[in-house]
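Trainee: Chain by chain, the residues run as shown.
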Amino acid sequence: MSTKIITWRVIQGSDLLFVNWGSEVIVYNSLSGETHQMDVFSATVLEQLMSNNYIEEALLNDICRLYSLDNNSENQQLIALIINNFDQLGLIEPCY
Amino acid sequence: MKLKQLGLGNLVKQAASKEGVCLDIGAFCVRVKSDEIIFLETLAFLYQDFPILPSDTFADFHIVITRPKGVRHYLKPQVIFVTDGQQPFEPFPLSHAFPLFEWGLNWCIARRSHQYLMLHAAVVEKNGKALILPALPGSGKSTLSAALAMNGWRFLSDEFTMIRPQDGKILPIPRPTPLKNASIQVIKGTFLNAEMGPLFPKTRKGTVAHLRPPKQSVEQLKEAVLPELLIFPKFQANTEIQLNLLNKPYVVFKLASNAFNYELMGRTGFELVKNMTSSCRCYNLTYSRFDQVLPLLDDLLMQNV
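Protein chains in written order, with the working numbering: chain A, 1 to 96; chain B, 1001 to 1305.
Just so you know, the hints here were simulated from the structure itself, not pulled from any lab data. Any given hint could be a false lead.
Examples of chain A residues lying across from chain B (beta carbon under 10 Å, computed) [unchecked claim]:
no., residue
1, D15
2, W21
3, V25
4, I26
5, Y28
6, G33
7, Q37
8, E47
9, I55
10, A58
11, D62
Backbone N, C-alpha and C define an ideal beta-carbon position, used for all residues, glycine too.
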């Protein structure tokens, strides 16, 4: 049985506002009215998802290139965790 | 004209009339109608420096303080708060008419004034710079703001920090400060010129007495001011004073949860909180003594960072 590959995008209709305070970033989601706090790396992942729809692997590739990171299993797990968190927070959604 | 120039006799007549009395409390106009002398006497004393507006002025809130219908008032007189024809609260004892008016007016402001971002915070000003004191009930913000008001700061509010979206300035509502329980004697004992209304025992918050706002603060009730300091105060008996710088993202969340209408204001609320957090110096403050906290806040305001 094959695992279904999900393409992720920022939730349609949301307008995300970013405020960078050193190592921490505040993100306001105008659609939900909620305010989120995250580290700079997570915020960069979210901004990348705002620019394109991504499957996890392509997102990992682009982020690793952007940050000059190794495309290894550790970073793969990190991206998977961030995607899961964004999904839980209602910041991103699958697109079909 | 100020309320004290009207005189109690004329206030009683006007408050009982169809038009009532239109009080300018700074950010708002309140139309008050009542036929209860016990209430009007306290209103006349505590609001004596507030302007009265012409009866055809647009009023933000229409409030009636009167007795409920029925025969009960022959045994134990009660009083009700009516706004726009509705009675949102159970009756209070007649003797507690003034606290009922004050709490009811707070309720009206918190429910309806969504043209402003409303923080649950006291606010005072000196040298054109506002000090905001957001805090939960019981943290001592009313007592601290009263002490600052009695110590040369301009008093803007003990309960609401009303922030105008157009320019981020804070609008005053320098109404009487309800001091509770031990705070009453603390302020009376420390500031001999403090003028208080009557004691109201056995309210839901214990014994309450209202501090009359300084005349100068009421005279400046139309002067909005920009925020400079954001301090989250906590009174803790017998502790050394502590001031800790806060990081900005933490402050955004503290203010967002402190505001009455942050989510309701949407993006505007976020922008206001963000801008205020960016421009202000932000601290946690634990204090137990006025002789330590008052000079510290004076010094802090004077620092140019």
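Trainee: Against each hint, give a clear statement of whether it holds in the structure.
Mentor: To see whether the hints hold, each was checked on the structure:
1. D15: holds, 8 Å
2. W21: It holds, given that the least Cβ distance between W21 of chain A and chain B is near 5 Å, below 10 Å.
3. V25: At about 8 Å, which falls below the 10 Å cut-off, the nearest Cβ of chain B leaves the hint on V25 of chain A intact, so it holds.
4. I26: holds, 5 Å
5. Y28: holds, 4 Å
6. G33: holds, 5 Å
7. Q37: holds, 5 Å
8. E47: This interface hint is violated because 17 Å lies over the 10 Å limit.
9. I55: Status violated, d = 31 Å.
10. A58: violated, 30 Å
11. D62: With a minimum Cβ separation of about 26 Å from chain B (threshold 10 Å), the hint on D62 of chain A is violated.
In this structure, the hints that do not hold are numbers 8, 9, 10, 11, in rising order.
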